[in-house]
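Chains as they are written, first to last, in my numbering: chain D, 1 to 211; chain V, 1 to 483.
Take the hints with a grain of salt, since some may be wrong.
[What the hints assert, rightly or not] Selected chain D positions facing chain V (Cβ under 10 angstroms, derived; list incomplete):
1. Leu9
2. Gly10
3. Leu22
4. Glu55
5. Val71
6. Thr97
7. Arg154
8. Gly179
9. Pro190
10. Leu205
[What the hints assert, rightly or not] A few chain D residues that face chain V, going by a derived Cβ cut-off under 10 angstroms, partial list only:
11. Leu11
12. Asn45
13. Gly99
14. Val112
15. Arg174
16. Ala188
Think of the hints as simulated: they come from the structure by calculation, not from any bench.
All C-beta atoms in this analysis are idealised placements derived from N, C-alpha and C, irrespective of residue type, glycine included.
Each chain is listed here by its residues.
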Amino acid sequence: MRVGVTLALGLALLTAAIAATLSGSPVVVLRSSSIQPAEVLAETNGQAGACQAGETLPAGTSAVRLSLQSVLGPRVSLTALSGSRLLTRGVAGSGWTGGDVTVPVRRLARGVPRMRICFRLGPTEEAVSIVGTRTGRAVAAASGEGRALPGRMRIEYLRAAHKSWWSMADVVARRMGLGRAPAGGWIAIPLFMLMAGVVASASWLAFREMR
Amino acid sequence: MLARVPTVAWVCASLAVVNAVCWSLIMPPFQVPDEQDHFAYVQQLAETGHLPSRAGRQYSDEEIVALQDLAHPRVRFRPSGRPIFSRAEQEKLQSDLAQPLPRRGPGGAGVAASEPPLYYALQTIPYGLGSKGSILERLELMRLLSALMGGATALFAFLFLREALPASRWAWTVGGLGVALAPLLGFISGAVNPDAMLIALSTALFYCLARSFRHGLTRGWAVAIGALVATGLLTKLNFVGLVPGALLGLVLLARRAARVSGARVYRQWLLPAALLAVSPGVLYVLANAVSGRSTFGVVSTGIASITSGHHSIGGALSYIWQFYLPRLPWMHNDFGQIFTTRQIWFRDLVGLYGWSDTFFPGWAYGAALMPTGLITALCIRALASGRNGLRARGGELATYAAMTVGVLGLIGAAGYHEFPSLSAEYAEPRYLLPMIALWGGVLTLAARGAGRRWGPAVGVLIVVLAAGHDIFSQLQVIARYYG
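So here's chain V without its partners, still in its complex pose (with noise of 0.2 angstroms):
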């Protein structure tokens, strides 16, 4: 597969690791959320062979000279708050660091220590290359290994519209850099965070379904499907979210394939797939019944918390409904004079940084709506004029939009659990990010909506766009921090 990738590809891919390379320099430490906690998940396994024990802020004495030393506490969440800006804070953190400090904790890793393993066994690796290092050499390594994982994302985007979208040969490179270059890409993929394995996993899983439905299914794309599936229950658990969609997409692939290969499809290809995808849950409910604990663990306090209470089924619904779009009539507001689908989602797409403390200026977000907006537009001109195409691949279709509600529903239903006492808990856009192969597939689609006169020129627009997002996100963080 990989000698078949065109040189394009690699080019994207390799942007996309560089560009979270430097965001990797530019972020300081322990300034992406939760990436203390990260670490902490991290040196846990790496120094003690375990997983942590606890979800307490219960980190080694190392990290926490580290944090202390970094002045962490008045940076996050604070956009007045700076990092350390002086030589003798510098020479006491160096100081500090030097010193033999422990590297093993009470085994806490706060918000982390409930997540699947999986990225953090990977993150031992560059944890003890750097082990005679001190912390932050460490973590600048971990951060690297996380931006490789970046380019892994850009690949599979740019595979992903190659399967997609085979008529547009020329504008792949729009949608491919456009995910090389997404500033929140660089972000979350420049920092020791789990979600930078998931957004390539649900990336590189776009792919496999793009390309079974393109070229029909076989037990080998059906098994890497399924396996794809598994790695990213073991990854992170928002993974949960694109289940449903991606099971759909191989239910639906089977049936097309048994109309040519026979029913033998379902038990060969379609029943081992699904199985390796649904393995890793089927050993969490059993540990979970072995040790005494809820038999299905975060589920069962999911659905009590939604259940009890305050909250209720169809106050669920109501409320995700809002989470995204404008309330309809019928609906209790619950967000206020806020409205969602532009004060949330649309401003923290277009940049919101660090611990939520890091943004642009008020005018820049109206200034954002007039390029989007021709973007969407000309995203649905290709679409209406490709509609007779449409029909034939509803059920692909149908895949991407269930992978997507599962994804949107799972954040929903958690920001949920924390209503009303906050209204939009889990409001962040990096969540947004597994679904960026479909963003590759707007920015492709705009360019060709521009018909093939303009179309390469736009093409070209929206590149140098996305360069401009890029780089001026750069420069916004780097004016918070060290201006």
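Okay, chain D solo, but in the shape it has when bound (with noise of 0.2 angstroms):
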């Protein structure tokens, strides 16, 4: 009874957080200095940064997404300003690893063209790569110390869309069957199909063993 009444109950804390992670909205790009993030602009061991002007912060902006490389990644700090006026800042920890980081940052309500984005790295005994695409050096990111970077990184600005994982379902199984075989977006049924026959069966078994 104990162990029958504790698996329905784990099952339904499973799926009740299952429907309210796909009620929840992805994340999406309002914005993007449209910079590839081709080549390495520079490297830093760390507590040095970066500013790049020119930079338009969509209203609504949550988060923004800095094309910085790294294995064991510092922390990073970042400013928008518009002239000396902060207009947000964010933190993300140390420990991120891969091609760009993620910061979040205060919303704001109204977007805000022409401002800067700053960032500063906290200390780290790995190198930090700036990635990006060249560029004249009028329009180049600058280093803290103000010398011109040989182009600018690619920044995105992201918020969450407005709807959610549910409505997106079929959107997401017809990009799951693409580049693959077997191609084609009926893969997710199954998929969903063989998932759902192995959480029942594991659920089967441990009550079987176990009560």
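Could you fit the two chains together into a complex? Lean on the hints.
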């Protein structure tokens, strides 16, 4: 009895958690600096930073993604400035990995053109690469010391979409069927059924062995 | 042996296979670490009958076109990168792959080139079965073979628990299902990666050792252990980390058996098993000596790199310690403000997929601390209540500890080779999967630690937690690539 009730409660909680998650929204890119992360502009060993002017902060931005690359990234502090006026700020903790880092920021109701994004890295033993595309000096990003970098980095402005994952189910299924074999959005159906079968079988086995 | 395997173990194995198949359908082609290199190795072997001749990324035209059309460079390492989304891109891919593209290339296989050939030789079978299809069809067939290896891992994990924890009959299922549903196992076993076979062999090794410690060593089991070690060394070089511990276990078992069967055990059981175990290593040394390369090959290179330049033995030990654990007061700080135990290993074991570019929202890792802490506490409680029995099993526990330390040390040493230009180059959780049998043991003990009254209910909750972890990992991967 105790095992059965616990199993039922556990599965109910799991189902509720999945439903709640799928009721959430994906993150969408509101705006991008349209720079391809094609090459390394600079490498730094932490405690350094850079600023990039000529950016536009879209209304509703809740996170900013920077094209920084590291295996074990340091803390990243980000500020958005219009002249000397602070628009918004945010921090991403250390330990991130990969080709970009997303910094959550305080949401702004209004968009702001011609502003400057600055970031500062925390201490680290490992090199962090600033990745972007070479540009002319006049529009290039600048290091924390004011020295022009060889180009601009890719900056993306993100927020949660106005639609849920449930509403995107058919789009996601279609995308899952591309670039693979077997191809076709139908692949999502057997995938769902197989995983449902795995969970059901595991639950039945656990109940049978432990009651 | 197979006739005495309980049905529950087969069910765990089947669930692990299905789970890995699901992961193979979710992960886009070549978005599992180094999968393009492993595929190139198999293709080189299948098409030419020769091993890869070079370590560069010089693949066949067919593979190069596939990687280009799949937008592979823009996706890997970049959480913002997406695979192909449009019908036009799909049509271009299908059109290009329908061309008679050469399958023989210059013989490059990237990071896989230096690996032993056994896994790749087995993968030539599904490669051949799909030879009339596209590269993507062959890749999926090869992924299915790896999925079968995931099933073998779950099977041997259950059998290990049956031998290592005989008093916990009802709780074996907790550990078996916990292994079968481990998302990291599904992720790796759903891809073309020799780690899938390495993990299965290491879990089988744990089982053979546990069985021998419980029932006593026989000549057959000694040979089986030796054969597993030899097979592991022919599968992936990482298996070297397990060898000292496995040989220690053999010696301890032989000593115990000699008290009953006499000194002949050393000559007739231990010696053949040990020779069988190290035979691939001996062949490797001889091959290098004959070809004029450094006699101990990668081992010589590794030792030279540790003792040259800024590196030292003391520095290596300090680095390896900090690679996993908090720095001790007298050590140089090699990782800055990074708390490696939590920010690398715990975080990545909770969820890091793709090319280390797919992960949960930050709050999820904090939330995972609670169930992890509870499982750990219950496991410790179970161990504490059975501590008298632990003393009697000191040799067995020392064997498992030595195998674990060997693997951890090997990964840490590889990371030190790249230090300081890269702080934690090999800090990937999949490298810890050879010890997944021990994780099954932790889950089993946690269920037992909840006591006779609540243990089964806690066990069921652990299984639901494992299923939830797996599902949410899959959902996170789907969101990252297709959202």
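Using the nearest Cβ pair, does D/Val112 come within less than 10 angstroms of chain V?
Since the shortest Cβ distance to chain V is 22 angstroms, the answer is violated.
With chain V as the partner, please determine if D/Thr97 meets the hint condition of a C-beta pair closer than 10 angstroms.
5 angstroms, holds
Is the interface hint for D/Arg174 satisfied, with its Cβ closer than 10 angstroms to some Cβ of chain V?
Interface hint status for D/Arg174: holds (9 angstroms vs cutoff 10 angstroms).
The hint names D/Leu11 as touching chain V; please verify it with the least Cβ-Cβ distance against 10 angstroms.
Hint holds; D/Leu11 Cβ to chain V Cβ min 6 angstroms, cut 10 angstroms.
With chain V as the partner, please determine if D/Gly10 meets the hint condition of a C-beta pair closer than 10 angstroms.
4 angstroms, holds
Tell me if the interface restraint on D/Ala188 is satisfied: Cβ within less than 10 angstroms of some Cβ in chain V.
Hint holds; D/Ala188 Cβ to chain V Cβ min 9 angstroms, cut 10 angstroms.
Given D/Gly99 was flagged as interface, is its beta-carbon under 10 angstroms from a beta-carbon of chain V?
4 angstroms, holds
Just to be careful: measuring from the Cβ of D/Gly179 to every Cβ in chain V, is the smallest value less than 10 angstroms?
5 angstroms, holds
Would you settle whether the hint for D/Leu22 is holds or violated, based on the nearest Cβ-Cβ distance to chain V being less than 10 angstroms?
Since chain V brings a Cβ to about 8 angstroms from D/Leu22, closer than 10 angstroms, the hint holds.
Per-residue hint verdict: D/Leu9, partner chain V, C-beta under 10 angstroms
It holds, given that the least Cβ distance between D/Leu9 and chain V is near 9 angstroms, below 10 angstroms.
Can the hint on D/Asn45 be confirmed by a CB-to-CB distance to chain V that is less than 10 angstroms?
9 angstroms, holds
Does the interface hint hold: is D/Glu55 within less than 10 angstroms of chain V, judged Cβ to Cβ?
The hint is violated - D/Glu55 has no Cβ within 10 angstroms of chain V, the shortest such distance being about 17 angstroms.
Against the hints set out earlier in the document, violations occur for numbers 4 and 14.
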